[in-house]
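S.K.: All chains should be built: construct the whole structure from the sequences, respecting the hints.
2 protein chains.
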Amino acid sequence: MSYNHILVAVDMSHEAGYLCQKALQLSEPAKTRISLLHVVEPIMAMPPYELPSAFPEGLEQQMVEQAKQRLNELGRENQISEWDLKVDIGATKSVILHHAHTDNVDLIIVGTHGRHGFSRLLGSTSNAVLHHAECDVLAVRIGRENSGR
Amino acid sequence: MSYNHILVAVDMSHEAGYLCQKALQLSEPAKTRISLLHVVEPIMAMPPYELPSAFPEGLEQQMVEQAKQRLNELGRENQISEWDLKVDIGATKSVILHHAHTDNVDLIIVGTHGRHGFSRLLGSTSNAVLHHAECDVLAVRIGRENSGR
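Chains A and B supply the protein sequences, listed in that same order. Going by the working numbering, the final residue of the first sequence carries number 250, and the count climbs one at a time with no gaps. Going by the working numbering, the final residue of the second sequence carries number 250, and the count climbs one at a time with no gaps.
A couple of the hints might just be wrong.
You can't tell identical chains apart in this list, so a pair holds if it fits in one copy or across any two.
Capping the alpha-carbon separation at 35 Å, the derived lysine-lysine pairs in DSBU-like fashion look like this [claimed, not checked]: (1) Lys169 - Lys187; (2) Lys169 - Lys132; (3) Lys194 - Lys169; (4) Lys123 - Lys194; (5) Lys169 - Lys123; (6) Lys123 - Lys187.
Derived from the structure by calculation, the hints contain no laboratory data.
M.R.: So this is what it looks like as structure tokens:
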């Protein structure tokens, strides 16, 4: 009855570790695979604006490299195989749903902040994941009150 | 790290048992309290319509009694104390959030049906719970594909 493959959608905050702990809590040793996924949103000019000329080249790639380092740390701290650490570029919602679908994920874990729930911080992304996922979704409330739990 | 009090919002379908199983899966024996809650929406005329004159009196109370019987069955099947079985009348979203708040619930479990997620069946209620809960929310996908899991 326990989950076979938990996908944790992590951002670069220090709270990503808390989400990993939730995944471990809901996993069964030697059965449950845990994957971490960080999505880098592509940097695009919003018409009619153009990207400033001083905009550094290769910024996305820098963000990907930073995310890989952070995921490596999280993986080490939570005994998650480096094969199950993924950084991808794209629209966050679509990338999460794509990985969940292709990797036979049966639980997606996403974080939610603040007193007023999803709509406050993670906004449309978590919302979209919740509405379109083909598997269970755990929305973990992250905030001052329970950050120590 | 495990949950102290899981509130399962159940309807009268046969899938309510599946949600109870999820709650048991995520609970820790001798630590986690599991409550079942069924909400009966009040029957009201929608202006400018009036309730038909043949509308049976006491229908809400009949629905409450049926729900109590069903919750008793679920409680027996899943070793949940009868003190933790609750039937309430009101707007589903508000009642769930009220019980979660006053009973120090740290995980709410709700069901979601169909390929297109929440919006399809449970609609605005699950949605609202997800957006306004002060604790974690697990949206359990119920469907042909995973009803046997």
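S.K.: State for each hint whether it applies.
M.R.: Status of the hints after comparison with the structure:
In the homo-oligomer, the alpha carbons of Lys169 and Lys187 lie at most 35 Å apart inside one protomer (8 Å), although the nearest pairing across protomers, at 47 Å, exceeds that limit. Only within a single protomer do Lys169 and Lys132 lie at most 35 Å apart by alpha-carbon distance; the minimum there is 25 Å, versus 37 Å between protomers. Within a single copy, Lys194 and Lys169 get their C-alpha atoms as close as 19 Å, which meets the 35 Å cut-off; across copies the closest is 40 Å, which misses it. When the C-alpha separation of Lys123 and Lys194 is checked against a cutoff of 35 Å, the pair qualifies both within a copy, at 21 Å, and between copies, at 25 Å.
In this assembly of identical chains, Lys169 and Lys123 lie within 35 Å of each other by CA distance both inside one copy and across copies; the values are 21 Å within and 33 Å between. Taking identical chains as interchangeable, the C-alpha atoms of Lys123 and Lys187 lie at most 35 Å apart whether they share a chain (18 Å) or sit on different chains (28 Å).
When held up to the earlier numbered hints, the structure conflicts with none and fits them all.
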